[in-house]
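Chemist: Chain by chain, the residues run as shown.
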Amino acid sequence: MAQPKDFGFGEDEQMLRDSARKFLADNAGIETLRRSVAHDHHEAYESPVPPATYDADLWAKMVELGWTTLAVPESSGGSGMKMVAVAALAEEAGRAALVSPLITTLLATCTLREAASDGARAALTRIVGGEASALAITNADGVWDSADSGVTAKVTKKGATLNGTVHFVQDARKVAFFVVAAKSGKKVGLYVVNADTPGVTIHPDRIVDLTRDQAHITFENVTIPATQIVAPAGEGEAVLTKAMPAWLTIVAADMCGAGEWQLQTTTAYAQMRKQFDHPIGFFQAVKHPLVNMMVKIDEARSLVYAAACAIDVEPKSAERYARLAKSSASDMAAFCSGRSVQLHGGIGFTWECDVHIYFKRQKHNQMLFGDGLFQRSKLADMFDSAA
Amino acid sequence: MAQPKDFGFGEDEQMLRDSARKFLADNAGIETLRRSVAHDHHEAYESPVPPATYDADLWAKMVELGWTTLAVPESSGGSGMKMVAVAALAEEAGRAALVSPLITTLLATCTLREAASDGARAALTRIVGGEASALAITNADGVWDSADSGVTAKVTKKGATLNGTVHFVQDARKVAFFVVAAKSGKKVGLYVVNADTPGVTIHPDRIVDLTRDQAHITFENVTIPATQIVAPAGEGEAVLTKAMPAWLTIVAADMCGAGEWQLQTTTAYAQMRKQFDHPIGFFQAVKHPLVNMMVKIDEARSLVYAAACAIDVEPKSAERYARLAKSSASDMAAFCSGRSVQLHGGIGFTWECDVHIYFKRQKHNQMLFGDGLFQRSKLADMFDSAA
Amino acid sequence: MDAKKDTPEQAEFRDHARRWLRENKPAPLSTRLPEYPIEVVSDEHRRYLCDWQKKCYQAGLVACDYPKEFGGGGHSGFQRIASQEMGAAGTPYLINVIGLNMAAPTILHHGSDELKRKFLPPLFAADEIWCQGFSEPNAGSDLAGAQTSAVRSGDNWILNGHKVWTSLATFASWMIILCRTSNDDKYKGLTYYVTPIANTKGVTVRPLIKITGQAGFNEVLFEDVVIPDAYRLDEVGNGWQVAMTTLLHERGAAEGAGGGGGDTLEERTAGLVRLAKRMKRNGKTAWDDAAIRDRIMQIIVRAEGMRQLYRRARVGGLIEHPMRIPLQGKLLISELLQDASALGMEIAGAHASLYLGDANAPDGAEWPLSYLNSYGITIAAGTSEVQRNILGERVLGLAKSK
Amino acid sequence: MDAKKDTPEQAEFRDHARRWLRENKPAPLSTRLPEYPIEVVSDEHRRYLCDWQKKCYQAGLVACDYPKEFGGGGHSGFQRIASQEMGAAGTPYLINVIGLNMAAPTILHHGSDELKRKFLPPLFAADEIWCQGFSEPNAGSDLAGAQTSAVRSGDNWILNGHKVWTSLATFASWMIILCRTSNDDKYKGLTYYVTPIANTKGVTVRPLIKITGQAGFNEVLFEDVVIPDAYRLDEVGNGWQVAMTTLLHERGAAEGAGGGGGDTLEERTAGLVRLAKRMKRNGKTAWDDAAIRDRIMQIIVRAEGMRQLYRRARVGGLIEHPMRIPLQGKLLISELLQDASALGMEIAGAHASLYLGDANAPDGAEWPLSYLNSYGITIAAGTSEVQRNILGERVLGLAKSK
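Protein chains in written order, with the working numbering: chain A, 1 to 387; chain B, 388 to 774; chain C, 775 to 1176; chain D, 1177 to 1578.
For the record, the hints were derived by calculation from the structure and aren't laboratory data. Please note: incorrect hints may appear among the correct ones.
As the list claims (entries may be wrong) - DSSO-like, lysine-lysine: derived pairs with alpha carbons at most 30 Å apart:
no.: 1; chain 1: A; residue 1: K378; chain 2: A; residue 2: K186
no.: 2; chain 1: B; residue 1: K541; chain 2: B; residue 2: K573
no.: 3; chain 1: D; residue 1: K1292; chain 2: D; residue 2: K1364
no.: 4; chain 1: C; residue 1: K890; chain 2: C; residue 2: K829
no.: 5; chain 1: B; residue 1: K545; chain 2: B; residue 2: K573
no.: 6; chain 1: D; residue 1: K1453; chain 2: A; residue 2: K378
no.: 7; chain 1: C; residue 1: K890; chain 2: C; residue 2: K962
no.: 8; chain 1: B; residue 1: K629; chain 2: B; residue 2: K765
no.: 9; chain 1: B; residue 1: K765; chain 2: D; residue 2: K1460
no.: 10; chain 1: B; residue 1: K570; chain 2: B; residue 2: K765
no.: 11; chain 1: C; residue 1: K1058; chain 2: A; residue 2: K378
no.: 12; chain 1: D; residue 1: K1377; chain 2: C; residue 2: K1051
no.: 13; chain 1: C; residue 1: K1058; chain 2: B; residue 2: K765
no.: 14; chain 1: C; residue 1: K779; chain 2: C; residue 2: K842
no.: 15; chain 1: C; residue 1: K1058; chain 2: A; residue 2: K187
no.: 16; chain 1: D; residue 1: K1460; chain 2: A; residue 2: K378
no.: 17; chain 1: C; residue 1: K842; chain 2: A; residue 2: K242
no.: 18; chain 1: B; residue 1: K661; chain 2: C; residue 2: K960
no.: 19; chain 1: D; residue 1: K1576; chain 2: B; residue 2: K661
no.: 20; chain 1: A; residue 1: K242; chain 2: A; residue 2: K5
no.: 21; chain 1: C; residue 1: K892; chain 2: A; residue 2: K183
no.: 22; chain 1: D; residue 1: K1460; chain 2: B; residue 2: K570
no.: 23; chain 1: D; residue 1: K1456; chain 2: B; residue 2: K765
no.: 24; chain 1: B; residue 1: K629; chain 2: B; residue 2: K573
no.: 25; chain 1: B; residue 1: K703; chain 2: B; residue 2: K765
no.: 26; chain 1: C; residue 1: K779; chain 2: C; residue 2: K892
no.: 27; chain 1: D; residue 1: K1453; chain 2: B; residue 2: K573
no.: 28; chain 1: A; residue 1: K274; chain 2: D; residue 2: K1362
no.: 29; chain 1: B; residue 1: K573; chain 2: B; residue 2: K703
no.: 30; chain 1: A; residue 1: K242; chain 2: D; residue 2: K1181
no.: 31; chain 1: D; residue 1: K1377; chain 2: D; residue 2: K1292
This is chain A alone, in the form it adopts within the complex (with noise of 0.2 Å):
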């Protein structure tokens, strides 16, 4: 195994992650997040255009802090850290359920940087100038499929015009630019389109997760210039294909960190709530569950690390480790879920109770970039030409 046995955790990680989960708590605690998504539930589920939440001052800041260039190659002016730290980011944006394009602009930039061209370092040095980016990858079936990106491109002299639907784009309204997956006859390619081109409408979804925003978008003939283009007609799968463990390591650590905040939010509710003479946790009907809880959040959270690890350092097993994380992960987010709300009893059924938004949060990404059953389906597959 060429992994370090400390999965590269070392001192600046942990400096970076002690932090984040300071300045969260400090700027994003859970009064902040109930107020700005949870205050209403007709404003959440009614309004006639779905709500896209979004704090420019605290993106101003975490762009201070230097979070969205974490992933960006010190090359394209970023500060290139291990992936065991963009890893850890997420996993305090999920344990405070973060309203913010952060984590889907780590997505993106995690795809740019798999590719070596003029185009992903321009869009690279636009993440690092402050502006939010978002993949637009998947197709009307939900999880990316080279086969089929819905959007098709026509690649001219000048650059390509693009035509066509891209689905379940995260945090579409919050952010400068899209990474477009487009083909060309049978050749996918990545292309920059800004979320301002003519053309471009970006359709809302209404969505059951409270902490995000989700949308549709299709492009109508719409232009774009060489410049912004990441990865010619051909080149896109590659690119896709590298980074998709990335995608999957930054999604699962972020349910690592919401169900760490489900499990410590229903044992304080277990130590504190009485009936039949007791606090619940005294029953083990309680106390069990809560362990398995524990159980499966510390599974979950090892691979994701040794996913991030990997990502850096053994990128052949890098897609294994990360589907091993990611089926882990959406697994325990189901489960953890689950028994918050039941654990919470009738007060966690109500809208007042904050575990509906992790809840809703964790099952979002429970199906995002496919679910566990999806993950290990792709990872039998790999047993097959093995004896």
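Assemble chains B, C and D onto chain A, guided by the hints.
Modeler: Chains B, C and D alone, transformed into the frame defined by chain A:
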């Protein structure tokens, strides 16, 4: 739904069930069971020839009580009772973990009665006369498969000559004759072969289950007369297909009875055994698994009766109900077996505690004719054509 | 249809019910009814459903087996037939579900004839909606821990306290309520009453919002609410026994409404198969994935098992302990619905993110909505944890966990 | 191999260990060794394994990190390397597993220097085998309920009682034992001793047979057994604290033997894939069934998760509570082995019926044998239920369940 509300379980069926329960408690109780098959662990697993415990006296009494003719049509001299009565009897056999060729004879009976031949009627008459029989239809893969029965039949004017090996024959050393599936080209036929016919060699398997014997049987130029042809080549498959729901139902019923024994025995232990100053049943870590056992048993039992009833009055749904029952019972048996040992703690892991006898019978029945996963894959196939 | 064993009278009634329902099935509203009657919040839905229940009552399809003198039909075994036919006809559910399934049987068992005559007919006709007041902020699973007090004052009682989880309270005229009349003993200190809710001095009803973002249950505050002693059911100190009667009749209240309508379990499971055949997974349909098929079949085994279990519950020779099957009902249905809707979300994959009002949401966002709502059912009226305690203690005879 | 971070001394030691193991790996016996060292019962196996451990000790591969004055190697971080290399070399396990993993660390922490010098060297060399006496017929999960009494008599103690679940007792020279010295307090009434077993007046060792049909653990009866006060570890009344030390070091004792050899978890999970590719199911291989693949992958996720969890346990910045990961170990490994072997049986299908000695049994009947044996691991040394209590109470701070 053409089924009667009460599954056909009326007074006659109840009388049979209640008397069977009493007879087995008196004549094949737990002390007898332990003495006959679990007295000595060397004998059980290390004898030069694996044991095949058989109590001729008990068999004679059961024949006298009419148990072996329950499923024989009145036209062949049996009592032709409803299938729910057969299931209820199998359930009692399971509750007693009965060591006897009763179950296997019921399986053979339910097969023979689906064939309208003189050969079948002659075989049923032998069963009415007190002979035991077993199915020999499974190839080395472990589930009956029409494409490959493992035995070939060369049909002659005088009868047939069999060659090949059949596997997983239950209670093979306790029966007078086998009902053998054999292929002629691609056509399956069914043949009665006496255990003592020249060319028949019974190879006892060493098995985990203590309450039965199992063998694979080789046929070397075994010649049988035409009077022993149950279904001529080409007609055997239909007979087996029609009989299969009864096999699944009977084995599932056996598991339900054994499951109820596991529940009651473990519950009694949980009421008596004290740890941490309480009977262990006080603790939800014991109480709730016991409740889960009960819930699973009740689901399986209810499906068994529905399957039995369907075999009698709604044959087009019989396969569906039987697979539902076997799926439910198989998973129930696995769960109840595991919990019965675990909740007994240290003593449950010892040979001297009776729970292992039921544990092993259940694990055997779980796999017999296909486990829950197998049944569900067949059930799913039935939905393929539906919209 | 179970029609086979009907008596001649029952068969005739079945024909009547079937014909009447076919001829009188109301046109659907333009807005979708909520999943369960206890979730009804809009006035439009309430009016539509109250009208429907009243029509059914007038046609003899509600309260068929109650005595005639209390507004019932005076028959035997007719209600089951009426409910079956309503289910088959796909008519809307009966709105007064807590009245029909909890209040009415309790009043019939424990109320004076005067109370029966006063309360039952308008309950059956849905002229008066009922709600129930058992749970409190500090007595959820532990119902006997109720602290809402009733203090005697001459011929009256003065109620003070706070009830939660009270479905339908915004529409309700009446509530069945469990109060503390003594602190000497946890159980014997409880007494059971009927109290007015609508337009009653000292009563405040506040809607609570569910995690689905929808209303559907309420908290009810009592501040010096005066009720006559005549509204007491059974003796002072017998409240726990009366509450047990209520809970014994509760099965189904959370779910089917003792009447027809609504998604049946079979439709729900068939919906899983249809969904899987439509959704894509790994380049094929989800239905092509044997692991998905297996999970759906696991749900179908449980659903069919429950149906057969209820069938068996009525066959005396095939049950040992009288409460063994009835006490399983709530646990089974609630966890099955939860697991089925969770599986629906997994099959829907990324599409499970889409919620009410999104045109692309599969089955109108039924799967995430049902999944969120399912926790109401595994929590309300005795959590699954408490249900398992009850089964272990009352059926298996294990030592009490508290 | 984790070799990357070795210090120069450690790297040199690793080379030595690797070379020595390659050159000295013993020829296998004609009879199959049992799955775990605690199951060894035959004299032939015992001799073979004792010889092997002694050789390893002499080569410096056992007790490497113990102080030299007590027979150890006096190094730091060498034992882990030795164990890794033994695992990689596939050499037999070390038989004195309870001695190495439980008795030795306890004696090192709580024993006098005199006891350390007396007991540790022959323990390391497998000249003296150790067993442990914690569980009793009425104190299985509830270790603190031990009733075996120790009564002071001058400079001696008189032991009376009954210990169960004592692996290796038939071979053992010594036992670590928890005794009751007072009934005034459940915990403070316990004292911890070392007692001789072999050839000791008043000690009777009776083999118990497991559900597998094999021997492997024993009950030990004490009738007026006299031991000197010098064999007491720590103070009178401190037995519970000492026992906690023992249990903290126990992880792995049930399984891997702190040394090499035996089936690793990775081999076991890889075995599931191989089995599935071989066995037929529904006309294809079991591996062709996506539901089987998914179940195998679930096991593999857990196995790899456990490996990475142990890795994380040593990274200070990535753990919050010091006991959170260590206390999970026993629960995880035991339930994982149980579920993996149960799955192996399902994949084997009808072939899972075949047991030891049957030529057609897949993998020499490993799957049913492991599955039966797995209950030993989920029960022994604190059942899974007790493990969850401990985690809930000591790590999450929930109220104690008893």
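Chemist: Looking at the structure, which of the earlier hints fail to hold?
Modeler: Hints 12, 17, 21 and 26 not satisfied by this model.
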